[in-house]
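**Student:** Listed here are the chains, written in short residue letters.
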Amino acid sequence: MTVRDIVGPLMLVEDVEGVTYGELVELEYPDGTSSLGNVLEVNGDVALVQAFQGTQGSNPASTKVRFLGRGLTLGVSRDMLGRVFDGLGRPRDDGPEIIPDERLSINGMAINPTARDFPDDFIQTGISSIDGLNPLVRGQKLPIFSGSGLPHNQLAAQIARQAAVLARSDDPTKVGEKLEGEFAVVFAAMGITFEDADFFMSELRDTAAIERAVLFLNLADDPAVERIATPRMALTAAEYLAYECDMHVLVILTDMTYYCEALREVSAARKEVPGRRGFPGYLYTDLATLYERAGRIKGRKGSITQIPILTMPEDDKTHPIPDLTGYITEGQIILNRDLHRRGVYPPVAVLPSLSRLKQKGIGPGKTREDHADLSNQLFGAYARGIQAKELAVILGEAALSDSDKAFASFADAFEDRFIRQGEHDDRTVEETLALGWELMTLLPRVELKRIKDEYIEKYLPADETAESTVEAPA
Amino acid sequence: MEQGTIVKVAGPLVVAEGLTNSKMYDLVRVGEEGLMGEIIEMRGDRSSIQVYEETEGLGPGDPVTSTGAPLSVELGPGMLGGVYDGVQRPLDALEALTGAFLARGIDAPGLSREATWMFHATAHAGDSVVGGDVIGIVQENEVITHRIMVPPKLSGRIEHIESGTYTVDQPLGSLVDDAGTTHDLIMMQRWPVRVPRPYRRKLSVDEPLVTGTRVIDTFFPLMKGGVATIPGPFGAGKTVTQHQIAKWSNAEVVIFIGCGERGNEMTDVLMEFPELEDPYSGYPLMKRTVLVANTSNMPVAAREASVYTGITMAEYFRDMGFNVVLQADSTSRWAEAMREISGRLEEMPGEEGFPAYLGTKLAAFYERAGKVLALGGPLPPGSASVEEAAADKAVGGTSEPGGHESSEGRDRIGSVSVVGSVSPPGGDLSEPVVQNTLRVVKVFWALQDTLAYERHFPAIDWLTSYSLYLDKITPYWNETVGRGFRERRDRCMEILQRESELAEIARLVGVEALSPDEQVLMETAKSIREDFLQQNAFRDDDQFTSLAKQDLLLKLILHFYDKAREAHAGGASLADIFAAPVRERIARAKYLTEDDFGVFADITSDLETQLVAEGSEEEGV
Ligand SMILES: Nc1ncnc2c1ncn2[C@@H]1O[C@H](COP(=O)(O)OP(=O)(O)O)[C@@H](O)[C@H]1O
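Top to bottom, those sequences are chains A and B.
Just so you know, my numbering puts the end of the first sequence at 474, numbered straight through with nothing missing.
Just so you know, my numbering puts the end of the second sequence at 1621, numbered straight through with nothing missing.
I should point out that these hints are in silico values taken from the structure, not numbers from a laboratory.
For each residue, glycine too, the CB sits at the ideal point set by N, CA and C.
Cβ pair distances, simulated, as ranges:
(1) Asp-1540(B) with Arg-342(A): 37 to 43 Å
(2) Asp-1045(B) with Gly-95(A): 50 to 56 Å
(3) Ile-394(A) with Glu-1346(B): 53 to 59 Å
(4) Ala-167(A) with Arg-1190(B): 50 to 56 Å
(5) Val-1599(B) with Glu-457(A): 17 to 23 Å
(6) Glu-1346(B) with Asp-94(A): 47 to 53 Å
(7) Glu-1142(B) with Glu-430(A): 42 to 48 Å
(8) Arg-1588(B) with Asp-425(A): 34 to 40 Å
(9) Lys-458(A) with Leu-1574(B): 33 to 39 Å
(10) Ala-1103(B) with Ala-434(A): 47 to 53 Å
(11) Glu-457(A) with Asp-1540(B): 18 to 24 Å
(12) Glu-1142(B) with Ala-167(A): 37 to 43 Å
Starting from the given sequences, assemble the full structure and let the hints guide the process.
**Tutor:** As structure tokens, then:
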């Protein structure tokens, strides 16, 4: 068995026997370092191996290769909670090795669609732009599309801190109580800086949530190819906690952009025909095998909710990474640089953001009867307000019709009071809805076409506010 | 059964040696676990196989066994209400075998061998029959009477045939062909998925597939037997629109292919359809639906096969004489599966890495749609016997006129309509899948993300979408909706087009700079958009609108347009006209139920009284 070629992170090994696709490999380099790897292709007696730790320090003549006869696995146990691992699942803190209950293949298995339970438990994140308009439900995969320098980490940490599930309520006009339940956070870092990872850890530490967290860290200076395994490690741990230990698991995967770039690196080294922007043609399928590991399963108590974070290159939503992600995930929360510049936190670009599961997660019993209509109306009104403001830029404020003026000032108030909130401001969903209704008073009542009359009667604050606030928002 | 040996494994592609007697597209079993695969290329002694399951753990030296037959589906009673993966393995049976996760190497037949069905023979011993002839019926559920047909390639004289309770593969009779060979007659047929099922003749389409979605039915209609595509960036509404069609369209059978899409979307259908009532039969929608679910995380080769599995099922129901609608969500994922396999085969790539044959494959797929005169003779007498009377009513009686398939003694005419969604990267419609699809489809529903951001749903862009069936549909409209519907539709379209031109001007100089007539037009266009085009799929009182009500809504809006211009010409101020209280009633008219038709007359009379020429104290302008 000899190494013939070394190209980037790949090695071509000759004279192999009994090697299988996906098999785990141990590589020992002449400079004393070593790497794990796996088989990407096997053709007769030649195997193509990708080295997770890279190929630095190796050479064809004296690299030792050992095929381990199994695929890449993770040893799982409840003791993982509170621990920090590296990108390949080896302890990175000073703690002991985990004594596994089971060893699971990190690729997992696809959930049978008939076994899935539809996610419809509303998660209160305490953030109005999410709860009010693009609500998250248990078992959903809802990514944050961000850009470099935007506060996606703060937002993800705030969600992780504040997330709570509400009890069902028999009264359509009332929201249920917060439920207690066993939860866990699984955090996978791919290529982010130590500082960013440290931010998460200290956020979790501050709320003692660290005890319920499992961290897999592949940082910026860790080997890039290892990143391909990292989210799979994290999701394998999450599946174990959710489906074997009955926990509700929130998985944060950050930054998916670096993950995809690692895939591209391997693909380029294999000289595969590239798709858009050099990313491999199977990027969609590859991402799907990660994102689809979110969900709920009938008859099991736990669930996996995913919040992948990605930074859009040049803030471009049509870049293949956000684009393919958006096609797989159940919506997206998009952060906007302009709002950020204007000091609005969280800078959620409400209009292009979406939660596909919202229809099932809100409404009577789950949140409140008026939630869906109100949120539709807020969307419509904000869109119209933005248009009016654009018009005003061209034609001047004075050229706007009265109703356009009302919409323009609504848009300002909406950004200022509804979207904007503090990093530690944990709003209940009633507070969010009340805020929404208050803003409705800025609009002429005939314009509230998307809300059922009965809700307007019931929830729209009395008229006096309408007159006094039309003037100018804060 | 021939055995070969694996020499190469690269992802979903396996190369084996020693399968010299096998044929292209033969189904093979790979490795010790017997994973399903299909031969897709043969070079000398080497066969390339796409494997429908994960290939981890396979290596050179592992065995491959050929089944000697191509990938086929099983057709017969028991498909309706079912959920299959891309190669027709019933997902509930797989769940029973291995639990919530899909394990490898498991198998279950497409049609249950245990389930029994009451078969009523309509043919008799001694009858001469040809392929496609109906020989009996099975009341599969409350909605569908399954017609048992002679397999397409078989013909001869029925030796004996007997009504009774059978499983799908138990002989219920026998047939002697011209060569004198005796064949058992069973309910189940097998058909290779990549081969279109034969029919006597294709017919020209002449009836709309009514979907209840206003922008589709009125502006960009689809026909029974027609083909449509719905491309759009993520979040624009492809899936919701397709679900709407699956739910409310007046087809008798719906095949929904979730091709490389989200698992939860399939779960959604699975949970919702058994609860929802079919507006035509009154029974749960699931009873007329078959799902093929090969979600994005399931093996990519099976995704490639899923569209063929689905359309073969659709053709089978068509052959019985039903109107079938097939939805493929998303054809882009299918094309990507082709691209991935093609890449592994090291084929010369075409545009954006897609194989050069992408266009041919897409065209061939859509060509399997159509309205046809089915193979075999007319429905035999007795197919509407006592038990079947009820079913007959459910199938033909309550559907749109032209449910001719249920009446005895007439030709069996069936159709497959195909709606394929496309997920263009970055929403870029110039990409190969969209472009190749547009060459073959007749209806184009273009989704716009800007509309979706405003929550204008369905986000179908009225300016770029089209339907090439308008002229074919007009006679039907004239007859069943009313003369003038086409004209009203065209007038509204014109108003919308004019609005987009005027909007440009208004953007530069302000609405006030437009002439009063133009301002009325702008208001009317807004009303068309908001009070007609916008339709909330999640509101019970909005998700379905009959053609009759669609026309009433158009009439109201156009009536406003005419009256407003008249009133203004007579001296009423635009501000008063636009603020008339009746406008709110028009805005809410779409939520009126089908029984409230009287209210339309009421609103019309409001229009008459409120929009009058200068009735008030104001000066005319
Ligand atoms: N007709 C409609 N009525 C109401 N909401 C809609 C409609 N069509 C789409 N939507 C909204 O848009 C979201 C995205 O639609 P979807 O069909 O999933 O998009 P795509 O399949 O194109 O990614 C849905 O979750 C829903 O909130």
